[in-house]
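Chemist: Fit chain H to the given chain D structure using the hints.
If you're matching them up, the sequences are chains D and H in order.
Residues in the first sequence are numbered from 14 upward in steps of one, following the working numbering.
Residues in the second sequence are numbered from 14 upward in steps of one, following the working numbering.
It is worth saying that the hints were derived from the structure and are not from the lab.
Note that the coordinates shown come from a computational prediction; the quantities given were computed from them, not determined experimentally.
Accuracy of the hints is not assured; some may be wrong.
Same chains, same names: a pair is fine if it fits in one copy or spans any two.
[Said to hold, decoys possible] Once the Cα atoms are required to be at most 25 Å apart in a straight line, the calculated BS3-like pairs of lysine-lysine come out as:
#, residue 1, residue 2
1, LYS207, LYS236
2, LYS113, LYS236
3, LYS83, LYS207
4, LYS300, LYS243
5, LYS53, LYS243
6, LYS83, LYS102
7, LYS243, LYS49
8, LYS236, LYS53
9, LYS102, LYS300
10, LYS236, LYS300
11, LYS300, LYS53
12, LYS300, LYS49
13, LYS207, LYS243
14, LYS49, LYS236
15, LYS135, LYS102
16, LYS53, LYS102
17, LYS113, LYS83
18, LYS135, LYS300
19, LYS113, LYS102
There are 2 protein chains.
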Amino acid sequence: KKRSLGRRRRDFVPALQDREREYVGLAELPDQVRRKTARKGFAFTLMVAGESGLGKSTLINALFLTDLYKDRKIANAQERIRQTVRTAKRTVSIEENGVKLRLSIVDTPGFGDAVDNTRSWKHLEDYVERQLDRFFRDESGLDRRNIRDHRVHCCLYFISPYGHGYAAGRAASIAALPSQGPAPSSTWFRCWPKPTIREELRRFGINIYRFADCDEDDDDDFKRRDQLLKDSVPFAVIGSDVLVESRGRRVRGRAYPWGTVEAESPAHSDVLLLRDMLVRTHMQDLKDVTCQSHYENYRARCIRGMTRMVVREPRRRKPRGRPAAARRLRRGKGETAP
Amino acid sequence: KKRSLGRRRRDFVPALQDREREYVGLAELPDQVRRKTARKGFAFTLMVAGESGLGKSTLINALFLTDLYKDRKIANAQERIRQTVRTAKRTVSIEENGVKLRLSIVDTPGFGDAVDNTRSWKHLEDYVERQLDRFFRDESGLDRRNIRDHRVHCCLYFISPYGHGYAAGRAASIAALPSQGPAPSSTWFRCWPKPTIREELRRFGINIYRFADCDEDDDDDFKRRDQLLKDSVPFAVIGSDVLVESRGRRVRGRAYPWGTVEAESPAHSDVLLLRDMLVRTHMQDLKDVTCQSHYENYRARCIRGMTRMVVREPRRRKPRGRPAAARRLRRGKGETAP
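For reference, chain D alone in the conformation it holds in the complex (with noise of 0.2 Å):
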């Protein structure tokens, strides 16, 4: 046993004195948590809102390479009407390179497709904050090992290409991504209206998902990327499922009698665009702005009304003669909250 100890720290010997003594090894460090966590897997939620017929499905498929309807049924016409806004989540387990992502979509069946569409928002408004609820309650518990976390890191949501809706997302109080419908032709991809669409979106106050600024450090290729997913902001996408023949090639896109739209030319649609800033850039920025923002301030608006609630009850207690014990109370509770 100890001879064999010390064969292997000859072995070692070399590898030690190769690296630089006058190292402590803090470059190390990221790498320790780049492993655990690519070990651990990664989790992500999307929620995607929009009228029927826009192609949200199509593009979901599209963008992680997958095929998460299946099953679904498409609602008619006349049950469209009369259709409330459901929500409805699908989660699928992506593997690649051995790095694994538990996708979760939260669609919203329903989402703008009645007459009355002022309340849709309101109710994936709700479905968002009752899972930031639900992780506040769990996260208060008395054993938090096994969390499995629900929260709504990013909403997709389409803009139709023929006009209103967006302006029922004023309230949007998650990390929204404006998305065009399919740009219906190639060639209005060009002339689409992006400037516009923003200056309303800035007009009306909808909050949408502001890009992080840039490291000073970081190298110029990043940069430059990072400029042009923030130009590109509301993405145009065209999204496919389907391969059809385009200039020799086989290629994701939709043939029209006019021409070929391809789905993943950038000049044709920002589909690889969105997908480069969802998955490879920005997916755990939105996490971060998800769990540091957006979750953190929910948090303290729930702390806030229940300390009120406490400090009303006592008050109210008070005239049959307990204020020690409601001063007690106060101050415990004080303590207590999470």
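Modeler: Same frame as chain D, but now just chain H:
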């Protein structure tokens, strides 16, 4: 404006085409986490315990290549006998290759120096618990964005090479914070009774840090290093902050009449292995064990204690005839306890 976007988009096209489109890009998720944590910087709190004169400060300086103890006063024998255990925290910021570490060393002057040392360990335990409690309060507060984490992530426990010492650490199983035992000696290194120490730690029920098992898909080199670290517990170390001449090279070491001990030679001392373990391979795991296991246990104990108190209090009030209020209080508390 529009034109420049167009140009930038065209620059971007080849990059998009080069990448394989049949990948969603999950492989970049761990890198997002890596980038974020690297930008934020790391923090680590290390507690150091052991009798005076074992070379603790020298070792810390050697481990982190810093000079933490410039203005230290060394107590004389008379003072030491009467000395009670105190804790002194020193913080230093280290940066290497753009990675920042905020290192806090909790020193415990006086530990094990008195004639009766039975209470020495209790003092450290109290300190560790106070930090857990502080975090519990902060974490339960309204604004959690600027919490400073003072929790102790690791305790290096120095065992004297001259016998007694770790028996005092018997209570370590309560604090449940791991500790390693080093030893400043020289040619003793090879015959250092590591198995004996391991056996005695086990016999006295002293819990030390348990290395997590390797993952199956870790590469062999990683597994070998990990096994070597496991076999090296307790680390036999000799620290030095001076350069001495040994075999024609200038190395950190200690010159004795009978020869030179090289502090950073794996044949003489485990210093490099200990640094490897503390920084390069296991720092994040030590933090995770602290936060996910020790802290969560402490928190659960606290909440259970509070709940018991709350349940007991209304009972005392019951005879005065307010059972309904008491019941309401109990229910309310159950929900708001963090």
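Chemist: Each hint should be assessed against the structure and marked as holding or not.
Modeler: Here's how the hints hold up against the structure:
Taking identical chains as interchangeable, the C-alpha atoms of LYS207 and LYS236 lie at most 25 Å apart only when both belong to the same chain, with a minimum of 21 Å there against 53 Å between chains. Proximity of LYS113 and LYS236 under a CA criterion of 25 Å is satisfied inter-copy only: 22 Å between copies versus 27 Å inside one chain copy. With identical chains, the CA atoms of LYS83 and LYS207 are never at most 25 Å apart, being 33 Å at best within one copy and 61 Å at best between copies. Taking identical chains as interchangeable, the C-alpha atoms of LYS300 and LYS243 lie at most 25 Å apart only when both belong to the same chain, with a minimum of 18 Å there against 36 Å between chains.
Within a single copy, LYS53 and LYS243 get their C-alpha atoms only as close as 30 Å, which misses the 25 Å cut-off; across copies the closest is 23 Å, which meets it. Within a single copy, LYS83 and LYS102 get their C-alpha atoms as close as 14 Å, which meets the 25 Å cut-off; across copies the closest is 60 Å, which misses it. In this homomeric assembly, LYS243 and LYS49 come within 25 Å of each other (Cα to Cα) only across copies, at 19 Å, whereas the closest approach inside a single copy is 30 Å. Taking the shortest Cα distances, LYS236 and LYS53 sit within 25 Å of each other only across copies (19 Å), while inside one copy they are farther apart (29 Å).
Taking the closest pair of Cα atoms, LYS102 and LYS300 come within 25 Å of each other only inside a single copy of the chain (18 Å); across copies the shortest separation is 35 Å, beyond that limit. For a Cα distance limit of 25 Å, the shortest separation of LYS236 from LYS300 inside one copy, 21 Å, qualifies, whereas the shortest one across copies, 33 Å, does not. For the identical chains of this complex, LYS300 and LYS53 are neighbours both inside a copy (16 Å) and across copies (16 Å), given an alpha-carbon limit of 25 Å. Proximity of LYS300 to LYS49 under the C-alpha cut-off of 25 Å is found in both arrangements, the shortest distances being 17 Å within a copy and 12 Å between copies.
Only within a single protomer do LYS207 and LYS243 lie at most 25 Å apart by alpha-carbon distance; the minimum there is 12 Å, versus 59 Å between protomers. Proximity of LYS49 to LYS236 under the C-alpha cut-off of 25 Å is restricted to the inter-copy arrangement: shortest distance 15 Å between copies versus 27 Å within a copy. In the homo-oligomer, the alpha carbons of LYS135 and LYS102 lie at most 25 Å apart inside one protomer (18 Å), although the nearest pairing across protomers, at 51 Å, exceeds that limit. Within a single copy, LYS53 and LYS102 get their C-alpha atoms as close as 22 Å, which meets the 25 Å cut-off; across copies the closest is 34 Å, which misses it.
Proximity of LYS113 and LYS83 under a CA criterion of 25 Å is satisfied intra-copy only: 22 Å inside one chain copy versus 48 Å between copies. In this assembly of identical chains, LYS135 and LYS300 lie within 25 Å of each other by CA distance solely inside one copy; the values are 22 Å within and 41 Å between copies. Proximity of LYS113 to LYS102 under the C-alpha cut-off of 25 Å is restricted to the intra-copy arrangement: shortest distance 19 Å within a copy versus 41 Å between copies.
The structure fails to meet hint 3 from the earlier list, while all remaining hints are met.
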